[in-house]
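2 protein chains.
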Amino acid sequence: MKKNPEDRFLRDLLRGIPAGRDLVVGPGDDCAVVRVPGASEVLLLKTDCIVEDVHFLRSHDPARVGWKALARTISDVAAMGGRPGQALITLFTPSDLPAGYWKKFYSGLNRAATRFEVGIAGGEISRSPGGMAVSIALTGHVAARHLVLRSGGKPGHRLFVTGRLGGSIAGHHLDFVPRVAEARWLVENFRPSAMMDLSDGLGSDLPRLASASKCGFAIDPGQLPIRPGCTRDQALTDGEDYELLFACAPSKERVLRRNWVVMFPDTPLTMIGELNETFRSPRNWPGGWDHFG
Amino acid sequence: MKKNPEDRFLRDLLRGIPAGRDLVVGPGDDCAVVRVPGASEVLLLKTDCIVEDVHFLRSHDPARVGWKALARTISDVAAMGGRPGQALITLFTPSDLPAGYWKKFYSGLNRAATRFEVGIAGGEISRSPGGMAVSIALTGHVAARHLVLRSGGKPGHRLFVTGRLGGSIAGHHLDFVPRVAEARWLVENFRPSAMMDLSDGLGSDLPRLASASKCGFAIDPGQLPIRPGCTRDQALTDGEDYELLFACAPSKERVLRRNWVVMFPDTPLTMIGELNETFRSPRNWPGGWDHFG
Chain F
85 MKKNPEDRFL RDLLRGIPAG RDLVVGPGDD CAVVRVPGAS EVLLLKTDCI VEDVHFLRSH
145 DPARVGWKAL ARTISDVAAM GGRPGQALIT LFTPSDLPAG YWKKFYSGLN RAATRFEVGI
205 AGGEISRSPG GMAVSIALTG HVAARHLVLR SGGKPGHRLF VTGRLGGSIA GHHLDFVPRV
265 AEARWLVENF RPSAMMDLSD GLGSDLPRLA SASKCGFAID PGQLPIRPGC TRDQALTDGE
325 DYELLFACAP SKERVLRRNW VVMFPDTPLT MIGELNETFR SPRNWPGGWD HFG
Chain Y
85 MKKNPEDRFL RDLLRGIPAG RDLVVGPGDD CAVVRVPGAS EVLLLKTDCI VEDVHFLRSH
145 DPARVGWKAL ARTISDVAAM GGRPGQALIT LFTPSDLPAG YWKKFYSGLN RAATRFEVGI
205 AGGEISRSPG GMAVSIALTG HVAARHLVLR SGGKPGHRLF VTGRLGGSIA GHHLDFVPRV
265 AEARWLVENF RPSAMMDLSD GLGSDLPRLA SASKCGFAID PGQLPIRPGC TRDQALTDGE
325 DYELLFACAP SKERVLRRNW VVMFPDTPLT MIGELNETFR SPRNWPGGWD HFG
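Just so you know, the protein sequences line up as chains F and Y, in that order.
Here the first sequence is numbered in this note's numbering, starting from 85 and rising by one per residue.
Here the second sequence is numbered in this note's numbering, starting from 85 and rising by one per residue.
If you are wondering where the hints come from, they were derived from the structure by calculation, not from laboratory data.
The beta carbon of each residue, even a glycine, is placed where N, CA and C say it ideally should be.
There could be a bad hint or two in this list.
[As the list claims (entries may be wrong)] Facing chain F, according to a computed beta carbon distance under 8 Å, are these residues of chain Y, among others:
hint : residue
1    : S124
2    : D137
3    : G206
4    : R211
5    : A221
[Claimed, not checked] So the derived list for chain Y, only partly shown, Cβ under 10 Å to chain F, looks like this:
hint : residue
6    : L107
7    : D113
8    : V135
[Said to hold, decoys possible] Covered, in the sense of this in silico footprint (three residues per stretch, anywhere, with C-beta under 8 Å from a C-beta of chain Y), are these stretches of chain F:
hint : stretch
9    : 118-127
10   : 169-176
11   : 200-209
12   : 213-227
Only chain F is shown next, with the shape it has when bound in the complex:
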């Protein structure tokens, strides 16, 4: 089965690159984690970009594109259990862009910043000879004892997803609400052993979490929380769900489920399967990954 080619390309590029003294977690998780001397919390760092005709179209409402641009990075900070901090925004702007585009874009970005208490610390604008692009760097903070990585899962730990999967292209990919509150509640009360956000689809992302945790996994396909109107395949491969995927010790399952419905009655929490010792994806898993491949 294939590995994700982008994952491998980045890993190859970064081989031999100095990591720096204070880097706790480097490339490969949702955020980098940096130790700050004297501080009680670790610093989370995330960069993310969206490119015209790859992640969005010029015909999309610029305000929704602005919301999405920032919300993607907030989702990554949430996936480590963190609170978002300060954002740096870089705009690549083609000469034929209608006047007012970026003001509308910022109105949406501003809404996301206000809602999730993100400060806009700075920005840059560059001419783009091609299409539009936006690059955002976001800091975050989390107490070291609440930090959750992708790599802490253990065989037998239950796998959960929030919300519903698939069909994001119909609109969810522009309007999703990052799971900051849910993730904070999880890390403070149930300490998942591994967590990430679903950006490329469960098919690609679950093997990443399992691989980082040195586990395999088994899923009950009948249990997938499929968005109404979508197929199982869409739920696995569409991507841009921005839901949480996490692993949790089986002993916590009962109380977790019971308290979740009290805290987040409008958001489904679904146990979809568990990690195991096979260290590979099940046969015919759509996203690939095989340790021995």
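Given chain F, work out where chain Y should sit, using these hints.
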């Protein structure tokens, strides 16, 4: 006289955007400055991008482009008196890019990271329908008492420039060495009242420092440290010098000059003029700026 249109555009975009509780200095200085609860140092944040055919050409040596990409952000951290920390690298890659380009690019970036002790905390690669672009976010650290902004200059303070100005396009713009050591020595021993790095040329950048300090300025054109073979106009407007421009109380001038030549014998330090109370650029200043314009 004209204001810098990019400065104004960014300021308009960011009007009304939430700054966040911990933001000490927001957009408009070389870096943003963020308070970190419990930490003895403040956090510096900088984002910067380079775009093919705007900041570099495909025919340039990719390793030198990689050096430049990271060194630009290091220069901004130095301009606040800081030490660089962790970098996040985003690559926008067109489909026709020769295989191996990014490996060569990273070899140069890696050299800069090693020399200035920058950790590479993460990165991202996105397809680009246009040309290449690179966006880098860099953290930095500086003790609050050593932090120097653009805005602390006072009338009568002497203006100094390191190195020589102009003609960067002949090669300096790809090979410059960020003035980290010089800036650290300055803030620890002479505490400049205002400082920035010269990226757009003294003509544009000096008015920014003066404006932030609510001063005007007077320059002795005969004193400009012009790179051999360049005109005075080139020294003012070529840009990409990546030298330090700083203001310092006149009482410190004599000892500063004497100790500088001992510490940095190969790097000229030139007193080019001083800040004054006019709150505008001198007549015919090439970079513009007039508070009343």
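Hints and how they fare:
no.: 1; hint: S124; verdict: holds (5 Å)
no.: 2; hint: D137; verdict: holds (5 Å)
no.: 3; hint: G206; verdict: holds (4 Å)
no.: 4; hint: R211; verdict: holds (6 Å)
no.: 5; hint: A221; verdict: holds (3 Å)
no.: 6; hint: L107; verdict: holds (5 Å)
no.: 7; hint: D113; verdict: holds (8 Å)
no.: 8; hint: V135; verdict: holds (5 Å)
no.: 9; hint: 118-127; verdict: holds (count 8)
no.: 10; hint: 169-176; verdict: holds (count 6)
no.: 11; hint: 200-209; verdict: holds (count 9)
no.: 12; hint: 213-227; verdict: holds (count 7)
Every hint from the earlier list agrees with this structure, and none is contradicted.
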